[in-house]
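> Single-letter residue listing:
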Amino acid sequence: MSEPLLRIDDLSVGYGDFIAVDGASLQVDEGQIVSLIGLNGAGKTTLTSAVTGLLKPTSGKVYFGAEDITGMNTDKIVSKGLSLIPQGGRCFNRMSVQDNLLMGSFPRSARKEAKETLGHVYELFPVLKEKMRDPAGSLSGGQRQMVAIGRALMARPKCLIFDEISLGLSPAVIKDIYNRIQSINERDKTAIILIEQDTRRALKMSDSFFVMLKGKIVLSGKSAEVDAETLKEAYFGI
Amino acid sequence: MLKRKFTPSHVKVLDSPPMLILCIVLVVCLYIGCFAGLISNKVMRYLVQIFLYVTMGEMWNLLSGYAGMTSLGQQLYIGLAGYSVAMATSPLFGLPLFSALLIGAGISVVVSLFMSLILFRLEGMYFSIATLVAAEAFCMLFFAWKFVGQGAGLTIRINPYPKLQEICILSLTICVVALALVYGLLRTRVGLGLTAMRDDITSAASVGVNIFSHKLLVYVIAAFFTALAGGIFFVNKGTIYPDSGFDISWTISMVFIAIIGGTGTVSGPVIGAIIYVFLNEKLADYPGWSNIILGTITILVILFLPNGIMGTLQKKLRFEIFSSKRFSFRLKKNAGGK
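Chains as they are written, first to last, in the working numbering: chain B, 1 to 238; chain D, 239 to 576.
One or more of the hints may lead you astray.
DSBU-like, lysine-lysine: derived pairs with alpha carbons at most 30 Å apart [claimed, not checked]:
1. B:LYS189 - B:LYS115
2. D:LYS475 - D:LYS401
3. B:LYS216 - B:LYS129
4. D:LYS554 - B:LYS129
5. B:LYS129 - D:LYS280
It is worth saying that the hints were derived from the structure and are not from the lab.
Use the sequences and the hints to build the structure in full.
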């Protein structure tokens, strides 16, 4: 079997004495959609922050391709092709939509193709093209989320992490955004990690899943084969 | 479609050649005025203050308004520069003013590099407090240090003592270089990264902006220019002692200038500094009241003009002097046919 695209090996992250992620391991293959589900405070966001270099892990390893990226700076990790879309569709509110998107090609590696990628992003989210000159802060929550996704795509990632993309959005918008995520995955063969609380939706879309509880990965497997009862037990820890 | 005409992104950017020429003409006039002695000493004294406060305000604006580092300890570099100038030009070393200023700025850069190791571990309010404490610590150090005259401080004895005219030209030069540098920096990739950091630091990191190196660059540049301006201030004053060198009112004046003028605009601190120097002069007759009045003005501006004078004017009248925005306008030009 070929090397997985992203491999997290026994990773632990803590804030002072508190251990938020306790020896989590997971892997993502090229072109795969993986969902990471769990309750509030299970350590999902902390795990991804550590993977993308926003936090420094206390122990464990992260490999991207064959390369060890543990504890590397975020800007380096992004230029290698691993991007995170932070929770809550955080945009640069005072910049225009277009500036926001072009900000995504900040790494030198992505700048050459910025114009072309920008075209792809506008194709994917036509509404952003209409609003390209408006300040991002004036957009709706769903549109801001699209800006955040588009911005991450501008770096031409091989793997994208969506941190609770559905947070605070209406079901119709969520469905729409999920469809776009699917097409990102299909067109560019971008591997995707979905961090979700909406278990059903995440499982429906992903190839495999990981359930996190109290900082540990308690269950994993193929999304299609999961049994509802086992999942519920793992999810709530009962 | 009609609605879009009124979106705030449709602003006139006044950094086209006419605006640039206007600025150059203004600067050249000031130089000629200084060199030819067309400006009276009284006006020149005002001008020196304005130039120096513009420099310091602009640097604080870069730190806080762009990089999100609200330092309350910039007086550290003013004090260091003042003492460096006093020592280097003293009979003991006997260096000329210009080298003394550069030494002061150099020492400030070294100290700022060292301080960044400690300070950059902190963010937001904690960063502000730490910068203030660091400046106070240096103040205490100079109080206890025999070599620099302890609490009594030093008298600045440059031989020959520079004329007001020379000081004015020097301040103008520093001010122009500082403004050009800030504007130039903001238009580069670094500036783009800084603007992103200002809006959302996590997102900036997640698109690949190296937060640490951006912060460091800005912090060191600010230390360098604040020190240059501070050094000249003390040449003008003639004496320095710990309480005057490391006085927090230096930073308070920078904050006032940046807030009044408009943080996050290049032109804001220029307006802010002019207002500050003018007010300072007018309020000098009411020593007890001056801080109360300045404080009240700051509060009123924050309440009613949260973007500062320039920021509000730019928003209301939809123009921008020397915008640091790059992409939309450049692309707008390309899409000009539409």
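> Go through the numbered hints given earlier and state which of them the structure violates, listing their numbers in rising order.
Hints 3, 5 not satisfied by this model.
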